[in-house]
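For the record, the sequence lines run as chains W and X. Counting from 1, position 82 in the first sequence corresponds to residue 75 in this note's numbering; the numbering is continuous, with no gaps. Counting from 1, position 92 in the second sequence corresponds to residue 107 in this note's numbering; the numbering is continuous, with no gaps.
Honestly, the hints are just simulated from the structure, not real lab data. Be aware that a few hints might be false.
What the hints assert, rightly or not - Simulated crosslink set (DSS-like; lysine-lysine; CA at most 25 Å straight-line): (1) W:Lys296 - X:Lys269; (2) W:Lys81 - W:Lys31; (3) X:Lys174 - X:Lys73; (4) X:Lys213 - W:Lys296; (5) X:Lys276 - X:Lys73; (6) X:Lys73 - X:Lys266; (7) X:Lys198 - X:Lys73; (8) X:Lys276 - W:Lys296; (9) X:Lys174 - X:Lys198.
Quick caveat, the model's predicted, so the values are computed rather than measured.
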Amino acid sequence: MSPTALVVADPRSPVGIRTTLEALGAARALLDRSGGGKVALALLGHGLGDVPEAAKRWGADQVLVLDDPRLAIFRSETYAWGAEGLVKRLAPPVVVLLPGSTMGRELVGRLSARLGGGGTSEALELELEETRGLRVRRPLFGGKASETLSLPFPAVASLRPNAFAPSEASAAAPVEAVELPKAGPAGPGAELLERSPVPVSDTPPLTQAPVVVSGGRGLRGPENWPLLEDLARALGAGLGASRAVVDAGWRPAAEQVGQTGASVSPQLYVAVGISGAIQHLVGMSSSRCIVAINTDPSAPIFKVADYGVVGDALVLLPPLTEAIRRARAGAGP
Amino acid sequence: MEAVVCIKPVPEADSRLRVAASGVTYDPEGVRYTLNSTYDEAALEEALRLKEAGAFEKVRVVSVGPPRAEEGLRYALAMGGDEGLLVETRPDDLLDPGFTAAVLAEAVRSLPHDLVLVGRRAGDDEAGVVGSALGEHLGIPSFAFVTGLTVSGGGSPLKVRRFTEAGEELLSVPPPVVISLLKGAQDPRTPTLPNILKARRKPLLREPWTEVLSRHPGAPVRAPAMRFELPPPRTGAHLVDYQSPAEAAEKLVKLLREEAKVL
Ligand SMILES: Cc1cc2nc3c(=O)[nH]c(=O)nc-3n(C[C@H](O)[C@H](O)[C@H](O)COP(=O)(O)OP(=O)(O)OC[C@H]3O[C@@H](n4cnc5c(N)ncnc54)[C@H](O)[C@@H]3O)c2cc1C
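Next comes chain W alone, as it looks inside the complex (with noise of 0.2 Å):
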């Protein structure tokens, strides 16, 4: 009894597609080692344009789409309505993951509520119990600790951005349009008033971003931060801060990591001028690689990084920065 593993697309950003490609990664790695599975692909939106035909090579093996003015904009009522009805067209037992976008951590309730078996967010690594469901590890307090959970069939997870390799591009898999039933959910939907841009930026946003590069008090003060933006665009990361710095109104809150203010678990983590105090750590400890930058050889960040310059982050910064941008241009150490 080979298990179905659907994946619910989030096509509607740059940040959805990578994370659904992280889900059908880990969907395809599952069902490989416990003896294979079909992988299906759900595309739930209206006028889907030609999403359909770039979804087909994102390594599924059969997609299916719901385009239907209902589901026009993403409320996880109606989108749990559709992928329920694909679910129970789907061979059993079904495994539904889900990308580590907004979409997927918001349906990830909904969905598992509405299907009654188990459901749980944030995955750090799934495997399959034979018959009886999926063994999801998750991370607790913001990574100081994890737990495994054993979901029953038919089980839900929405996946831990950046903690899954991305599917690979494949051949073109079958694509088929599935019609939804007259009868929708109950109860009058939500009307679209306006949506307003991206703000542009050059940074990914912060809780999705591969990496991210943060600065504190040790930075000495905003006309500095030039230094920790370049570097932030020379890695292609997202740019982080220390609460000290967002009280002292040296930056933004959006870009606060701890306890108060964003989780993220990059791949890589920067702190530069940052002391590491607890608040800060919950944040981010959970991140697969830290780096830490401070004059202080006993700051306490030094005790969760894996790498560590002790030296004064002004001097340290624009050299670092040039050898990062050598090493991605291929002519580097």
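Model the placement of chain X with the ligand on the given structure of chain W, informed by the hints.
Frame of chain W; chain X with the ligand shown alone:
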């Protein structure tokens, strides 16, 4: 209109965690709890400001948790909540978030709820699944990652501003609705002494969770924890030694490329 805010005490960020004897959760011994998660307090503050602006007649607070959660509810009443409901669990009842949502739904269903507010996620399990699961159980819409909320009262639609990676959206949503706030109001108020005293006389109802759940249609599934783990202690950073800043940079880049393989 009337609002319900769901709140939960969570361990303090600097709590030292140890694996419990059962191996499936942490040892509560020595863990200090916050009165309420900071996200929940921000959600309550948001609801209170809306009430003061005339959007709601009443703001009720609900918590599913052990007896000590009563302290958090009293604090919420001292901040300005009108009534509290504690759906009481015992310390060894491990309720996963999906299951909690089913219990919570029955508690909320027993109260007028034009708006149900929840925080972004809990500070312990960080799951963020309760909001939309609650919406499903109650059969009403839900919206998460909400960054702004306008409620004019009288049953008219709410204006909901939410974050998406494709840009911010402004939606018009008729009540009742569950809203999960990305960030609530900043600087939640600290209760004054007179309000703390007044809160002691505000109604606070307690009900065992099993009783509340018995009103739930069907048996919600449980997703039991099998294991609770602490990461191996980090061994401390590999400090790069160097003569010049340029050398530090070259050495660090080499380590990141060849050893950590993150470049
Ligand atoms: C309830 C609560 C919630 C909180 N939430 C958060 C949160 O979400 N996020 C958060 O970050 N904090 C949070 N804090 C604050 C936290 O406790 C720390 O105060 C804060 O993280 C410190 O910021 P910092 O590291 O930038 O500053 P500091 O602690 O002042 O550290 C500055 C560091 O820079 C180093 N330094 C100085 N000069 C240089 C130089 N030239 N080059 C390199 N290094 C240099 C110093 O050695 C020092 O280690 C919270 C606190 C509380 C009480």
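Results of checking the hints against the structure:
1. Using a Cα cut-off of 25 Å, the hinted pair lysine 296 of chain W and lysine 269 of chain X holds, with the two alpha carbons roughly 21 Å apart.
2. For the proposed pair lysine 81 of chain W and lysine 31 of chain W, the alpha carbon gap of about 15 Å is at most 25 Å, so the pair holds.
3. Of the supplied pair hints, the one linking lysine 174 of chain X and lysine 73 of chain X holds, its CA atoms being roughly 20 Å apart against a limit of 25 Å.
4. This hinted pair does not check out: lysine 213 of chain X and lysine 296 of chain W have alpha carbons roughly 47 Å apart, beyond 25 Å.
5. Taken as a hint, the lysine 276 of chain X and lysine 73 of chain X pair is broken in the structure, with Cα atoms around 55 Å apart against an allowance of 25 Å.
6. Between lysine 73 of chain X and lysine 266 of chain X the CA atoms are separated by roughly 62 Å; this puts the pair beyond 25 Å, and the hint is violated.
7. Taken as a hint, the lysine 198 of chain X and lysine 73 of chain X pair is honoured in the structure, with Cα atoms around 22 Å apart against an allowance of 25 Å.
8. For the proposed pair lysine 276 of chain X and lysine 296 of chain W, the alpha carbon gap of about 21 Å is at most 25 Å, so the pair holds.
9. Note on lysine 174 of chain X and lysine 198 of chain X: the hinted pairing holds, with a Cα-Cα distance of about 16 Å set against a maximum of 25 Å.
Taken one by one, the earlier hints fail for this structure at numbers 4, 5 and 6, listed in ascending order.
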